[in-house]
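Novice: Spelled out, the chains give:
Number of protein chains: 2
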Amino acid sequence: MSVETPEKSYPVTPRNRVKRLHERGAYDREAVHAVLDSALLCHVAYVIDGQPFCTPTMHWREGDWLYWHGSSASRMLRHLKAGTPVCLTVSHLDGLVLARSGFHHSANYRSVMCFGKARVVDDPEEKRKALKGVVERFYPGRTAQLRPDQPQEVKATMVIGMPIAEASVKLRAAQVGDDEEDFALPVWAGVIPVTTVIGKPETSPHVPSGVSIPEHLALYDEGRPLDDVLIEAQALYERHGG
Amino acid sequence: MSVETPEKSYPVTPRNRVKRLHERGAYDREAVHAVLDSALLCHVAYVIDGQPFCTPTMHWREGDWLYWHGSSASRMLRHLKAGTPVCLTVSHLDGLVLARSGFHHSANYRSVMCFGKARVVDDPEEKRKALKGVVERFYPGRTAQLRPDQPQEVKATMVIGMPIAEASVKLRAAQVGDDEEDFALPVWAGVIPVTTVIGKPETSPHVPSGVSIPEHLALYDEGRPLDDVLIEAQALYERHGG
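Line order of the protein sequences matches chains V and L. My numbering puts the first sequence at residues 1 to 242. My numbering puts the second sequence at residues 1 to 242.
Keep in mind the hints are simulated off the structure, nothing from the lab.
For each label pair, taking beta carbons as the anchor points, the in silico distance ranges come out as:
#1 V:A144 <-> L:E126: 55 to 61 Å
#2 V:L236 <-> L:D49: 39 to 45 Å
#3 V:E125 <-> L:K129: 57 to 63 Å
#4 V:D122 <-> L:E232: 44 to 50 Å
#5 L:S71 <-> V:T13: 17 to 23 Å
Here are some, though not all, of the chain L residues that point toward chain V, as calculated from beta-carbon distances under 7 Å:
#6 F53
#7 C87
#8 L131
#9 V135
#10 R147
#11 Q175
#12 P186
#13 A189
#14 V191
#15 I192
#16 V194
Straight-line Cα separation of at most 16 Å, EDC-like style, residue types lysine to aspartate or glutamate; simulated pairs:
#17 V:K170 <-> V:E30
#18 V:K8 <-> V:E166
#19 L:K200 <-> L:E222
#20 L:K200 <-> V:D94
#21 L:K129 <-> L:E62
#22 V:K200 <-> L:D94
Yeah, the Cβ is synthetic: ideal placement off N, Cα and C, and Gly gets one too.
Required output: the full structure, derived from the provided sequences and hints.
Specialist: So this is what it looks like as structure tokens:
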């Protein structure tokens, strides 16, 4: 959270410059953070001996840092230890775009690619804070109700942190771009929106009877778009100081 | 589609072996194809000068081949021309898993990582078939209604094909795995499902009045899970010979 007078935008370099359809690109922090914060799932690309890997994982953000975690034994995390370059991408599918020509079929989406060098979070205090963050960022207020982490759990978990060196947002949020000469064709065209929504909570059979869904999960309201919930959760998390 | 007596499973090598929580892993074609076919969006990882990139794109499948496409000018596609190694990953988020400890918080998901070497589809007949496939696979029956692709559109589009050399599925589809000694804690735990659903179609303002949503889009029924629609579309596509 301790970004002193941050620049409004991330730097633009040959690596992150949006080359195709650059009118769809953005580099400002607000746009980058909005795409990152409205998702729980990201994809991390890294290289081992020339071979690219693309691993899905949960991410969370503290200022200009991205975090993800996993088992201390995982292949991805063992290799990221060394500070190898990483590209962390978050994408949302928002709609299917159907045109009168094959060529103009498309999709509405929001995506962000973040570049940086990842490092293991091994400072005990930073790691403790990060492991609190991964729960608290998604479920603000929850960690106070949980039993404390046990030392062997902290040891078995590896946390990776990456300062965002460069980032770029790319998105499409528009109606179909049919050619004018195709407008009169008697074929339906338009956008079919898709949304990821919250379902009905399924209580674990091991929860004592009488324990109901807590107030801190009220934002996970059935039918609500996940994006909205996650943006709200991040705002609450930041407001309460993480 | 022309896979002669395919093996039931993709080969397992050090590259695709699921190392962590291997009870969550699978390599059989049916499981791999099920995850691939229920998504429109994938992430492609590739390496340029040692730097990993993770690019979101649409993919589609023909037998053991994966295809994606884009502008002939795109950075990703220009570099994939050379036959560089690629990891194409598809992930679905199915639920948030909330436990009585930070450690057992998790997510329900289905993911597949596919490894192979990508190549440009430049044979005119294969490219024509692929460009039909990218529409027809998602909207079976639609290409017959569209105006034909124009030569400059085909030229401006690059299609990449990759035979799946190795693949592995990893998933979690379970209730929370709380420790037995935490069962009595008076804290709610369970799964909050998330689902990506079809919304209400938005007709382009340039569609002539009187043209309604065609029968071939009936499967994109409002409120239906996108996964189910895409699985059904792929089955229809395969049944009608692509």
